[in-house]
Every structure is written in C-alpha cells, then in structure tokens.
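Engineer: Please work from the sequences and hints to get the whole structure.
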Amino acid sequence: MIADPSAARVESDLHDGDFLNSCEAGRWRIISFAFPTLDFTISATEPDGTSSEYGFKAELSNYPSQPPMVQIWDHGANMPLAKDRRPKGGPRVQKTFQHWGPDTVYRPWDRMTGPHSNSAGTYPHLAWRPERRLIFIFEDLHGILNSNARAQRIGASA
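For the sequence shown, the residue numbers in the working numbering are 27 to 184.
There's no promise every hint is true.
[Unchecked claim] So the derived label-pair ranges between C-beta atoms look like this:
| # | residue 1 | residue 2 | range |
| --- | --- | --- | --- |
| 1 | A33 | R55 | 18 to 24 Å |
| 2 | R158 | Q124 | 33 to 39 Å |
| 3 | P73 | P141 | 20 to 26 Å |
| 4 | H101 | N47 | 19 to 25 Å |
| 5 | N104 | N144 | 30 to 36 Å |
| 6 | K114 | E157 | 21 to 27 Å |
| 7 | Q124 | R155 | 32 to 38 Å |
| 8 | I57 | K109 | 19 to 25 Å |
| 9 | R111 | S38 | 19 to 25 Å |
| 10 | N144 | N47 | 34 to 40 Å |
| 11 | P150 | N88 | 18 to 24 Å |
| 12 | D129 | A60 | 36 to 42 Å |
No lab work stands behind these hints, which were simulated from the structure alone. From the three backbone atoms N, C-alpha and C, an ideal C-beta is built for every residue, glycine too.
Structural biologist: Structure representation (structure tokens):
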C-alpha cells in the first residue's frame, strides 16, 4: 500500500526535534492525530496572569501544498469553542479568535483566512508556504496566546 505523502509529512513534522522539545516544555501537546485531522492544545496566559490552555482542531488535507485549516476547539463538546469562552486579551488575541464566517483562527497562514481580504498578501511573512512546517503554526498561536504575559510584565513594572 502506498502511504499518503501528506500524512507522512505531518508525521515528520510531529516528530521534529524542536517540535518535540516544545511538547516536553509544555508549550503544546498533541491530543490525537488521525490523518487528516490533528487535535492539539496550546498553553496560554490569561489577562490576569494565570496559566491555561486552549484546544484546536486542524484539517490537513493536501498538506503542505494546501494550507492547514485550524479552528479553536472544545474537545469535550466536539465543536468550535463558544464565543464567550475564547481567549481574552489585546487586539491581536481578539482578532485571531474572533467568530467569523468559516470560524477558523484568523491568521494569514490559515486556509480560509489567507485568501480573505487578501490577508496572506497583506502579511506575506505570516502567509502559508509549502516549505513551512507545523511548528510555524504552533509557535504563532503560542505567541498570541501568551501575549497577555508580556502585558502583565509591562503593567507590573509601570
């Protein structure tokens, strides 16, 4: 039987040393992977400084030539996370996790967001390219979800 090259590429990304080191450091964790669906969580810092995590579901058909499609996800209810339970924080957090048409995370690398309002063209440094790896998405989400920690440090030193 011939293996799906997209599934093999996802497996390779999930076993990359830097990706695994971040799993061990608690930045993110994989819940399950059954190609083309990847369920995972990303650690977060809430506006009050407490730690938490948020779930995500990625659809990875034709990866990496087609961008991933990622939703913020309630794994217990098996549905997109309710609007009132989505991450809180500054404008970047609010925009990324807003509820919109296809309800994917609003990032230029996302399959649905990239073409929306030419998001990928406006932010080419954040657009999906086939040479990117899954760690690019995980690091981007982790940075956004932990931007509240920076705000806490700045507020404390003021």
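Engineer: Compare the structure with each hint and give your call.
Structural biologist: Status of the hints after comparison with the structure:
1. Between A33 and R55, the C-beta spacing of about 20 Å keeps the proposed range 18 to 24 Å intact.
2. For R158 paired with Q124, a C-beta distance near 23 Å fails the hint of 33 to 39 Å.
3. Taken as a hint, the range 20 to 26 Å is violated for the pair P73 and P141, whose Cβ atoms sit roughly 31 Å apart.
4. Distance hint check: the CB atoms of H101 and N47 are about 24 Å apart, consistent with the given range 19 to 25 Å.
5. The beta-carbon spacing between N104 and N144, approximately 33 Å, falls within the hinted interval of 30 to 36 Å.
6. Between K114 and E157 the CB atoms are about 34 Å apart, so this pair departs from the stated range of 21 to 27 Å.
7. Separation of Q124 from R155 is about 24 Å and departs from the stated range, judged on CB atoms against 32 to 38 Å.
8. For I57 and K109, the hinted distance range of 19 to 25 Å is satisfied, since their beta carbons lie about 22 Å from each other.
9. For R111 and S38, the Cβ-Cβ distance of about 33 Å falls outside the hinted range of 19 to 25 Å, so the restraint is violated.
10. Under the hint 34 to 40 Å, the C-beta atoms of N144 and N47, about 35 Å apart, fit the expected range.
11. Taking 18 to 24 Å as the suggested C-beta distance range, the pair P150 and N88 conforms, at roughly 21 Å.
12. Between D129 and A60 the CB atoms are about 21 Å apart, so this pair departs from the stated range of 36 to 42 Å.
Going through the hint list in order, the structure does not satisfy hints 2, 3, 6, 7, 9 and 12.
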